[in-house]
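*Asks:* The lines below spell out each chain.
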Amino acid sequence: MKTIQLNLIINNQQYELQVDPNLRLLDLLREELDLLGTKEGCGVGECGACTVIMNGQTVNSCLVLAGQAQDAVIFTIEGIQGEGEELHPIQAAFIEKGAVQCGFCTPGMILSAKALLDHNPQPTVEEIKEGISGNLCRCTGYQQIIEAIQLAAEKMK
Amino acid sequence: MREFEFLHPESVTEVLDLLETYGDRVKIIAGGTDLIIELREDEGPENLEFVVNIAHLEELNYIRQDAEKIYIGSGTTHSQLAQSSLIKEKIPALAIAANSVGSPQIRNRGTVGGNILNASPAADTVPVLIALDAQLRFKSTAGERTVPLHDIYIKPYKTNISSQELLVEVAFNKLSRSASSSFIKLGRRNALAISRMNVAVILDQDSDGVITDLRIAPGSTTPVPSRIKIAEEVLLGQKPTPELIKISGEKVSEEMINLSGYRWSTDYKKPVIETLTRRAIQEALEGRG
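Chains B and S are the protein sequences, given in the same order.
First residue of the first sequence? That's 1 in this note's numbering, and the numbers climb one at a time after it.
First residue of the second sequence? That's 1 in this note's numbering, and the numbers climb one at a time after it.
Derived by calculation from the structure, the hints in this document are not laboratory data.
Treat the hints loosely; a few may be bogus.
[Said to hold, decoys possible] Taking lysine to aspartate or glutamate and the EDC-like style, the derived pairs with C-alpha atoms no more than 20 Å apart in a straight line are:
| hint | chain 1 | residue 1 | chain 2 | residue 2 |
| --- | --- | --- | --- | --- |
| 1 | S | K90 | S | E283 |
| 2 | S | K88 | B | E154 |
| 3 | B | K2 | S | E283 |
| 4 | B | K2 | S | E3 |
| 5 | S | K88 | B | E78 |
Just so it is clear, the structure is predicted and the values come from calculations on it, not from any experiment.
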């Protein structure tokens with residue numbers, strides 16, 4: 001297989017990489033760059049554990065080929081802290097509200113919440129549910145997750 | 001994961017050249033929400049050698065109108081369709097159908113062109129586009145041609161489109177101002193559900209309430225997507241009554257059984273599609289969709 005040249009920005013850092021053509025964005029993040037915060041759950045786009053923000057929108061990184069991220073701007077959970085590495089208000093709110101149980105869905109859930117609040121800073125509960133509808137929490141801690149997103153929206157006003 | 005070469009052309013012209021050169025050794029990738037799963041499960045075309053990316057091509061990504069028609073580039077995502085003020089105003093059922101696909105993440109990637117050409121019987125935008133009598137515009141190095149959407153399907157997951165052709169646009173006539181549309185989907189839950197069945201209805205009435213235009217297009221119901229003319233005829237030229245609406249729904253299930261035979265699932269599907277049709281007609285009548 002002919003490798004491909006890939007230029008992209010991940011968590012504000014420019015990368016120039018030479019990768020296999022059949023790599024998924026998820027594999028690129030985890031296997032090549034050691035960004036292990038992005039999780040692989042189902043691998044078929046149903047669970048949202050692999051959610052990252054690509055060009056301002058959430059995507060399932062298991063359903064994007066690495067080559068399709070050419071010139072993209074990507075944020076993973078590792079990249080959303082402030083400059084002094086302080087937690088993002090959504091991360092802080094997840095801790096405060098106890099919205100993390102096993103934690104496997106948390107990175108994807110937080111990135112979906114971030115994309116939601118970036119576009120809609122004061123969402124209703126229905127809009128929050130819609131915003132995280134592509135992310136499954138098998139611990140079923142949705143109530144705390146919704147409360148955490150509400151709290152984050154409040155703090156970020 | 002299957003092995004392949006990944007190609008990233010800069011224009012539609014370049015895509016067409018690749019299709020001419022490599023033919024059925026190419027798979028086009030747009031949103032990838034169906035294709036990547038196939039490739040990962042080592043499925044997909046046996047002679048696949050190249051995956052050609054079109055997701056980044058801006059020339060395939062637009063929603064435009066002129067006096068008569070609405071034109072949608074094949075690379076338009078479900079999110080863009082669902083959020084388009086033009087689509088929401090002129091044909092709300094299409095926005096609702098696009099918004100019922102998968103999840104936000106899937107809608108941000110999956111395209112209308114992919115939804116059409118993957119040819120899944122459960123595709124959500126297809127029944128609405130069938131009801132709109134949509135036309136597809138294909139390009140190849142030989143030129144271009146326009147085909148009714150209705151004519152491309154052979155059977156589930158199979159179309160008659162050649163491997164040299166690229167779908168570039170979906171277009172349909174605008175509806176009259178008094179027309180309304182609805183789309184109802186039955187899935188196992190609200191998010192991330194593949195349609196068990198769905199139905200799109202477009203309806204117009206004159207000032208006396210007589211139905212002057214009616215199109216009923218169910219999904220996951222007949223072997224290939226189609227309007228159900230015998231169900232439409234029940235109400236055309238009539239003032240709608242609960243009895244006529246009920247009969248119209250029954251005609252849909254009658255046609256389903258005619259075309260697909262009586263299967264293990266029919267006891268379930270028959271009353272469900274009758275009810276969905278009835279509700280979709282009622283919703284269109286109330287102008288809610």
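*Asks:* Check each numbered hint against the structure and report the violated ones by number, ascending.
*Replies:* Those not satisfied are hints 2, 3 and 5.
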